[in-house]
Amino acid sequence: MSATSFFSRLDQIFVLLRNWLVGFLPPTMRPAAGVVLAVMAIVCVFPGLFALTTVFERKGLGRMQNRLGPNRVGPFGFFQPVADGIKSLTKEDIVPISADGLVHFLAPLVLVVTVFMGFAVLPMGRNMVLVDMDAGVLFFFAMGAATEISVFMAGWSSRNKYSLLGAMRAIAQMISYEVVLLLSTVSVVMIAGSLSLPKIIDAQNQYSWGLPHWYIFTPWGLGAFIMYAIAATAETNRSPFDLPEGESELVAGYHTEYSGFKFALFFLGEYLAMFSISGMGTTLFLGGWSAPLAALNWIPSWIWFFGKVMMSIFVFIWMRGTLPRLRQDQLMNFAWKFVLPFTLLNLLVTALWRFLGEGWPRWVLCTLILAAAYVLMGRAGLYRKHIGPRSYRYAE
Amino acid sequence: MTALTSPLTGYLLVAALLFAIGLAGALVRRNAIMVLIGIELMLNAANLNFIAFWRYGPHPEALTGMMFAIFSIAVAAAEAAVGLGLVIAIYRHTNTTELDKINRMKG
Amino acid sequence: MNVVFYLLAALTIAGGLAAMLLKHLIHAALAVTVAFAGLALLFLQLDAQFAGFAQILVYIGAVAILIVFAILLTHGAELPRGGVFSGTWFVGLAIAAGVFAVLGWAVLQSVHALPQQTAAPAVTVHDIGNALVGSYVLPLEIVALLLTAATIGAVIVAMHEKAGQK
Numbered sequence: 008m009s010a011t012s013f014f015s016r017l018d019q020i021f022v023l024l025r026n027w028l029v030g031f032l033p034p035t036m037r038p039a040a041g042v043v044l045a046v047m048a049i050v051c052v053f054p055g056l057f058a059l060t061t062v063f064e065r066k067g068l069g070r071m072q073n074r075l076g077p078n079r080v081g082p083f084g085f086f087q088p089v090a091d092g093i094k095s096l097t098k099e100d101i102v103p104i105s106a107d108g109l110v111h112f113l114a115p116l117v118l119v120v121t122v123f124m125g126f127a128v129l130p131m132g133r134n135m136v137l138v139d140m141d142a143g144v145l146f147f148f149a150m151g152a153a154t155e156i157s158v159f160m161a162g163w164s165s166r167n168k169y170s171l172l173g174a175m176r177a178i179a180q181m182i183s184y185e186v187v188l189l190l191s192t193v194s195v196v197m198i199a200g201s202l203s204l205p206k207i208i209d210a211q212n213q214y215s216w217g218l219p220h221w222y223i224f225t226p227w228g229l230g231a232f233i234m235y236a237i238a239a240t241a242e243t244n245r246s247p248f249d250l251p252e253g254e255s256e257l258v259a260g261y262h263t264e265y266s267g268f269k270f271a272l273f274f275l276g277e278y279l280a281m282f283s284i285s286g287m288g289t290t291l292f293l294g295g296w297s298a299p300l301a302a303l304n305w306i307p308s309w310i311w312f313f314g315k316v317m318m319s320i321f322v323f324i325w326m327r328g329t330l331p332r333l334r335q336d337q338l339m340n341f342a343w344k345f346v347l348p349f350t351l352l353n354l355l356v357t358a359l360w361r362f363l364g365e366g367w368p369r370w371v372l373c374t375l376i377l378a379a380a381y382v383l384m385g386r387a388g389l390y391r392k393h394i395g396p397r398s399y400r401y402a403e
Numbered sequence: 450m451t452a453l454t455s456p457l458t459g460y461l462l463v464a465a466l467l468f469a470i471g472l473a474g475a476l477v478r479r480n481a482i483m484v485l486i487g488i489e490l491m492l493n494a495a496n497l498n499f500i501a502f503w504r505y506g507p508h509p510e511a512l513t514g515m516m517f518a519i520f521s522i523a524v525a526a527a528e529a530a531v532g533l534g535l536v537i538a539i540y541r542h543t544n545t546t547e548l549d550k551i552n553r554m555k556g
Numbered sequence: 025m026n027v028v029f030y031l032l033a034a035l036t037i038a039g040g041l042a043a044m045l046l047k048h049l050i051h052a053a054l055a056v057t058v059a060f061a062g063l064a065l066l067f068l069q070l071d072a073q074f075a076g077f078a079q080i081l082v083y084i085g086a087v088a089i090l091i092v093f094a095i096l097l098t099h100g101a102e103l104p105r106g107g108v109f110s111g112t113w114f115v116g117l118a119i120a121a122g123v124f125a126v127l128g129w130a131v132l133q134s135v136h137a138l139p140q141q142t143a144a145p146a147v148t149v150h151d152i153g154n155a156l157v158g159s160y161v162l163p164l165e166i167v168a169l170l171l172t173a174a175t176i177g178a179v180i181v182a183m184h185e186k187a188g189q190k
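Line by line, the protein sequences give chains A, B and C. Take any residue in the first sequence, note its place counting from 1, add 7, and you have its number in the working numbering. Take any residue in the second sequence, note its place counting from 1, add 449, and you have its number in the working numbering. Take any residue in the third sequence, note its place counting from 1, add 24, and you have its number in the working numbering.
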């Protein structure tokens, strides 16, 4: 067996495995069984990655804060999620007496269901997408919008003013940044010409002089990617946008009154949302499962996809450990007065890019417009703010 | 009765029932917001009608029904926003949302 | 008619009924969200993928949240003292029943005249996009203007009045 065919079989190993397993069944049941197997794979892999990410996050944050992080359970603390899982399963499930029983119970379920649905359209490798929908991008963002209802249900049903406040803040933040998310995606859809994620990857899977045609390497793509990353951080309530669940502010925001397994479901939902939105970001801007250099195409596509997703998660953790939290009004100000106008301008520049056709002029023009806009909008934002010298007040 | 031989009939009956429920709610409930919810249900029932006729109609590639439904969704969202803004403004002024109590033109 | 249609229809109607009958406003808002979800699934069953996802995105992701915010801002979460149904509820119910009777009779009478095409339409999002900027460009622009006017209007209507201007 030659090297290329070995690596191409390795690339398709999950597809081949599924076809082999499904081949044991009669032909009428095969499509359904194939889908069931793929769903089971998603349901096993992503929570497994979630467990790994919790350890990485705690140890990463610890190292950034000059401490060790968990290191008792297992080698270097890597079995910590097992301990966390056992803890959350055996904790008492406390539901406040005045809480609205049914809504309180359903909120984490709605969150986890809608977040899992988002994984159905992500292409995790060559030929490895669960459903190749014609309107895949729209489906993904529809599922993201549906998570806001669960946030409200959780916050309101707890009958707790901190929960309600946290839920309202979270929803306002998610709605504002959802617009940015959608608009930065529209730039990609405009250039790729399709809402279907495998086709978007196919449009980026070409190489010139060994470098790929990923959209992040274009001026409008870089702008859109940065705006997408900011909006993704805000959508998943991560630092520096985590005021709705900041421990020092609101106890735990909308999941204050949840304990035990329901809290674990919220935690799972939040991290899965992070994976899902990173997966979409890599598909739209970083070329999905395609390799960064044409020479590296022998490495299986799913390794590239998951590698890029884990890199994005690392950047999320890095931002959490580094940046201070934004106040709610600063956050909303930032969304509506800087990020959204910049994203609209980016959309215009994308149209200009497409209109100008191939060649070096479009690179120069688009880069200049975006850089000038960034600098000018930044200056305009700081115009009336009198940021004087820092004042110190000492306790008497 | 040879009813329900067309798959379209089921959808049309569901849409008619939903419309009637929305209408009943808009006429019967006291709270202004519940009236708006009833109106949203009526708009949704009409959308279902449009899409059902588009699907089973003679020229689905003309996309008439789908376009109607999409524009109807957009317009309904705008109308809900303005309507709820009005309800909030009225609440600030009269401190109630019950339609029976908002019965004077002069504030 | 297959089982899925009956289940989805039952879900939607149950959501609508619950929305209109429940006394607690937030429960009614959540019930109408269930009705919206049922309708989105019905659209998907009718091969209208774009409309179905747009329904989820707009209705569940925005209109339901709007309704809930409005309920919270008008303190609707407490139960009113005078009951939730108006004094003349019987008349409203009779009118709605009459409307349903007329519509249902019209549908059942015209079964033989209804169109019967059953092949799934091969419509892609590409076609929808072409239609939107092709034959439907005027409605598109008008809806854009309408949405702008509605946004600005809603903000102005619901804005806090400046003190001393009441």
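It is possible that some hints are incorrect.
What the hints assert, rightly or not - Only pairs whose alpha carbons sit at most 30 Å apart, straight line, appear in this in silico BS3-like list of lysine-lysine: (1) A/Lys-168 x A/Lys-98; (2) A/Lys-94 x A/Lys-206; (3) A/Lys-344 x A/Lys-392; (4) B/Lys-550 x C/Lys-47; (5) C/Lys-47 x A/Lys-206; (6) A/Lys-94 x A/Lys-66.
As the list claims (entries may be wrong) - Beta-carbon label-pair distances, calculated as ranges: (7) A/Gly-314 x C/His-184: 26 to 34 Å; (8) C/Leu-162 x A/Leu-28: 29 to 37 Å; (9) A/Tyr-214 x C/His-48: 46 to 54 Å; (10) C/Gly-107 x A/His-393: 50 to 58 Å; (11) C/Gly-107 x B/Arg-541: 37 to 45 Å; (12) C/Ala-125 x A/Leu-24: 53 to 61 Å; (13) A/Pro-348 x C/His-48: 46 to 54 Å; (14) C/His-48 x A/Gly-267: 23 to 31 Å; (15) C/Asn-26 x A/Asn-134: 37 to 45 Å; (16) A/Pro-103 x C/Gly-107: 27 to 35 Å; (17) C/His-150 x A/Asn-134: 52 to 60 Å; (18) C/His-150 x A/Leu-363: 17 to 25 Å; (19) C/Thr-175 x B/Lys-550: 26 to 34 Å; (20) B/Arg-541 x A/Arg-334: 45 to 53 Å.
Calculated from the structure, these hints are not laboratory results. Even for Gly, the Cβ is constructed at its ideal location relative to N, Cα and C.
Broken hints, by number: 2, 5, 7, 8, 9, 11, 13, 15, 17, 20
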